[in-house]
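Order-wise, the sequence lines are chains A, B, C and D. Every letter in the first sequence is one number past the one before it in my numbering, and letter 96, counting from 1, is 96. Every letter in the second sequence is one number past the one before it in my numbering, and letter 4, counting from 1, is 1004. Every letter in the third sequence is one number past the one before it in my numbering, and letter 39, counting from 1, is 2039. Every letter in the fourth sequence is one number past the one before it in my numbering, and letter 227, counting from 1, is 3227.
Hints were generated in silico from the structure; no laboratory data involved. As the structure is a computational prediction, the values presented were derived from the model and not from experiment. Not one of these hints is a red herring.
Looking from chain D toward chain B, a few residues come up when the C-beta cut is under 8 angstroms (computed):
| id | residue |
| --- | --- |
| 1 | His3053 |
| 2 | Gly3054 |
| 3 | Tyr3056 |
| 4 | Leu3057 |
| 5 | Ile3062 |
| 6 | Phe3065 |
Simulated crosslink set (EDC-like; lysine to aspartate or glutamate; CA at most 16 angstroms straight-line):
| id | chain 1 | residue 1 | chain 2 | residue 2 |
| --- | --- | --- | --- | --- |
| 7 | A | Lys51 | A | Glu502 |
| 8 | A | Lys333 | D | Glu3036 |
| 9 | B | Lys1005 | B | Asp1074 |
| 10 | D | Lys3026 | D | Asp3226 |
| 11 | B | Lys1023 | C | Asp2048 |
| 12 | D | Lys3035 | A | Asp335 |
| 13 | C | Lys2023 | B | Asp1048 |
| 14 | D | Lys3070 | D | Asp3038 |
| 15 | A | Lys581 | A | Asp660 |
| 16 | C | Lys2005 | C | Glu2060 |
| 17 | C | Lys2011 | D | Glu3151 |
| 18 | A | Lys54 | A | Asp370 |
| 19 | B | Lys1041 | C | Glu2073 |
| 20 | C | Lys2011 | D | Asp3150 |
| 21 | D | Lys3176 | D | Asp3106 |
| 22 | A | Lys320 | A | Asp260 |
| 23 | C | Lys2005 | B | Asp1036 |
| 24 | C | Lys2005 | C | Glu2078 |
| 25 | B | Lys1011 | A | Glu298 |
| 26 | B | Lys1023 | C | Glu2061 |
Note that CB positions come from ideal geometry on N, CA and C, so glycine has one too.
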Amino acid sequence: MTVSLITPDLVESHGLTAEEYDRILAILGREPNLTELGVFSAMWSEHCSYKSSKVHLATLPTKGSRVLQGPGENAGVLDIGDGLALVFKMESHNHPSFIEPYQGAATGVGGIIRDIFTMGARPIALFDSLRFGPLDDPKNRYLFCGVVAGIAGYGNAVGVPTVGGEAFFAEPYRSNPLVNVMCVGIARKDRLFFARAGGVGNPVIYVGAKTGRDGIHGATMASGAFDEGSEARRPTVQVGDPFREKLLIEACLELMEGDDLVAVQDMGAAGLSCATAEMASRGGTGIEIDLALVPRREQGMTPYELMLSESQERMLVVAKRGREQRVRKVFEKWDLDAEVIGRVTEGGLLRVLDHGRLVAEIPAAALADDAPAYHRPMSPPDEISESRRLDLSAVPPPGDYAAALLELLQSPNLACKEPIWERYDHMLFLNTVVRPGSDAVVLRLPGGRRAIALSTDGNGRYCAIDPYRGGMIAVAEAARNVVCAGGEPLAITNCLNFGSPERPAIMWQFVEAVKGIGEACRAMHTPVTGGNVSFYNETSGHAIFPTPIIGMIGLLEDVAHATDQWFKTEGDLVALLGETKEELGASEYLAVRFGLVRGEPPSLDLATEQAAQRACLEAIRRGVVRSAHDCSEGGLAVALAESCIGRAGAPIGVDIELRDTIRPDALLFGESQSRIIVSLQESDWPRLQEIAAVHRVPLTHLGTVGGTRLKLRGATFALDLPIKEVESAWRGGLASALGG
Amino acid sequence: MLTAKIYVTLKPGVLDAQGDTVKSALETLGFRGVGDVRIGKFLVIRLDGHAREQAAAQVEEMCRRLLANPVIEDYSFELEEAGR
Amino acid sequence: MLTAKIYVTLKPGVLDAQGDTVKSALETLGFRGVGDVRIGKFLVIRLDGHAREQAAAQVEEMCRRLLANPVIEDYSFELEEAGR
Amino acid sequence: MKFGIVVFPGSWSQQDFYHVIVNVLKEEACYLWHKEADLQGADCVILPGGFAHGDYLRTGAIARFSPVMKEVARFAERGGLVLGSCNGFQILTEAGLLAGALLRNDCMHYRCTWVHLRVESQKTPFTSAMTRGQVVRMPISHGEGRYYIDEAALKQLVENDQIVFRYCDEGGELTKEANPNGSLDHIAGVCNERRNVLGLMPHPERAAEAILGSEDGRAMFASILDTFARA
Ligand SMILES: Nc1ncnc2c1ncn2[C@@H]1O[C@H](COP(=O)(O)OP(=O)(O)O)[C@@H](O)[C@H]1O
Ligand SMILES: [Mg+2]
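Just chain A, with the same shape it has in the complex (with noise of 0.2 angstroms):
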């Protein structure tokens, strides 16, 4: 070929700077032809390289005594006791999820659930962690319809059930829903795989649905221009098929009970180009594959196009030689194709070939590590010093309590989450001994002795005025549920959504909150096992709230010390552990009532929170209390509500004396953090006084469980409601949100 087809405008159009493909040509010693600048593009994208955020990831924790596996591999794993491994990781599906909710929010669930069987572990668990703008736009409706209606598609059908999650809706999200899905996996321990080729020779299996031209990304319009019949080339949306998916869990875990098996790695973003890429680099070896036999679903599909396209379920498999029959034959039980399309090869090149013609030839180690890392400049956004400024005398006391507590109840951020809980199969396996609606859920692990607490959170609005505060706060908060279930918190993994990073301001918020994430992470003694960051979460710039959300996973030694927030009996006992201050700011109070953003979000003392941590956890292994429930958004009134509806049976009342002379509207709706309110039988009091002065953690007696009515009194405000008016507000306000 005599003149260059890669014109900068191709490069360009590949997302790559003139910089990264100095380095490519570099990397090359030649211009790569246009399938490698695909597999290039694809490979160094900010989603598979991570260039804008490695060097800040860095800086969190991954060590721990119980982690196996950190970050680097499909998914990160925690030794649980009992010769058994927890695998677990955190995906987003945001973009996808906005052009097309359903089929996006389906084949993001589908790509998670690959990341833990491909580690050898059942998936036993999903979380859906949402974000939305606000519901009264027909147009957040139908995506937040559409999204929960594909996760229950696609987990229901799969048969993985999704026991947790989060729903939040604020403006910012508006231009850029959040879809970020958690899925949890148990494997035994001997028995883990890693997605890393080996062994010069060995077969390297193609297996699952055929290839088409889904998910392909924008770039293939300008590479169709190279080739006639570029109008049949037009890219479409990936659409999951959950059916399929349950026949790869089978087929794959059938397998690795056997020994036939080197390596897996599932194929999802760059496809092919990044499964091969990875597991060759991982393995330290190269790896070649024959396009001509990758089985595919659509005529005249380019090497380009193969090695880049998105179609879901399927994985590659390198199996040990000799082995491809039995191999085949198990994947056959399951009705699966199966063909060899290569072999691992020695020294670190990724080869591809179609019909034996050379048509890629590239360093695999410089696509999945050399990509470049950036320092990218950052400097506070403007607004920032401003939003944190709160004039509360500007704030008027609500005249009238009862009322600002049921538009708190009633408002979708608070209100219950059973509308969507509820269309999500959240039992399946028999192990979910505490459902959602309670601070964190609990599954029972296999033998039935042992059990896990889980929880999602992250508060993006605490975030936009203080990222690393925010940071610290999700981290907290999420092992503040994990221990008010019983649990002790072992690890984290997490979804990072921002803006651009190519803005200072939006960098300047996601080093913060990882800052913050790290530090909580530190104190804590929960590492970060994986996790996954989404950036160019904005549309004409718009960005959404920085949004860190962090999934804790905690271990009970005792299935019997599973907790959760309900009131149990008449006469018990009401109790906080912690203290409340007059925090305000970020309120979801603020945002409902004034439709204000802004205050400093509460303050956070990470070793006041773990002192109130270690005392709820000893309160329950010691069986004190009875029920236990964080205290976040909506502050100590709705906590106190929650705790009195939503279980199962008929609500139970409350009678509750506050004595604190802060502002009521700061008492009864700030969000002070390290807050768990129990209840115990009374005669239980001395002991958890000990327990608490012990931990040296300040308790109050709040009051009394019974009645039907909800009785809250102070020395200046007053507010008395039935307790059934309070459900039914709290129960309604999701479904009347969505019109129905």
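Starting from the structure of chain A, add chains B, C and D with the ligands where the hints point.
Below, chains B, C and D with the ligands without anything else, positioned relative to chain A:
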């Protein structure tokens, strides 16, 4: 009175998992020469008090706004005198 | 080569929850004079190497055995030369 | 007694049934792969919940053609006990072993929640340890559980006392709110004329341990066991 018969189909190239499953089921049942199977929706909507051309415009809009998902689906329709 | 267009519809007596939902959705969107809405399936199956009459018999049998459930559904179909 | 649990590629409740039968009830259980026409000498066959073949086209439409189903039909013919829950119920109706059909829930979405059921007939091997009119609590988890049958056939069901469970409220009343999917006549479960085949949408296996919220489902297993003991 008019009846609109509306056909909503997956765009070419979009994976039709349901169609593929039905295809292999038909083959297992011993049917020969079964090629591609694509499965879409068939809607019948009765329209009261509409002139034909006005009705056509209405149905067109219904498809665009609600009945078909433009990202993955195509649609077409016919209008008939009801009763048939 | 032939193409079979198959229409599977709910029997008249059977409540069509999806149809009713779509009807009210259309009304919420402001469409006037929307009567009954019924939603069924539209299958397109390519048949290779079949004579017409033999193909008709085949498709008939496909519907009876798999594509429609006689307890709740009716079916009908047309055969066309492929390519259209 | 030996339970055989049928496994289709998309089944997912099989291990839950297995756990209850083996670990809770201390009885014997085995899995029956759908491609094998062999019931391994099971005394009772269970069709579990799931999405047998993705439940594309119609739930259970494709599963009924599996080799194992021919054996299940013969087994039922000989009077063997067959219990279908959720997807299992859907498959039994598609296979013609039970009357009626299951349509999309009237709320148009999947529902996973607890329901109350009224025992309408204890004259089956699956409910003999229960009493007529008794109210039990079990979970449902399905998107297509709206039972439908035409009038003539419904009359038949009623006359032959083939309606075994109805959705009701805590007090046993057949209120509209208590019907989770719009089933005709609140029907949650039916048996065949010979009474040896039962299908229901709810999940008895999810209501067999107190720690999970209810033990009411155990009465069904108890019924089966003592029917078998007396046979
Ligand atoms: N999108 C969702 N999917 C499943 N469960 C959800 C979802 N949103 C909220 N939930 C459940 O509702 C309960 C309350 O959620 P949330 O208010 O976020 O709890 P907290 O404030 O204690 O973190 C939790 O049990 C959570 O798992
Ligand atoms: Mg909480």
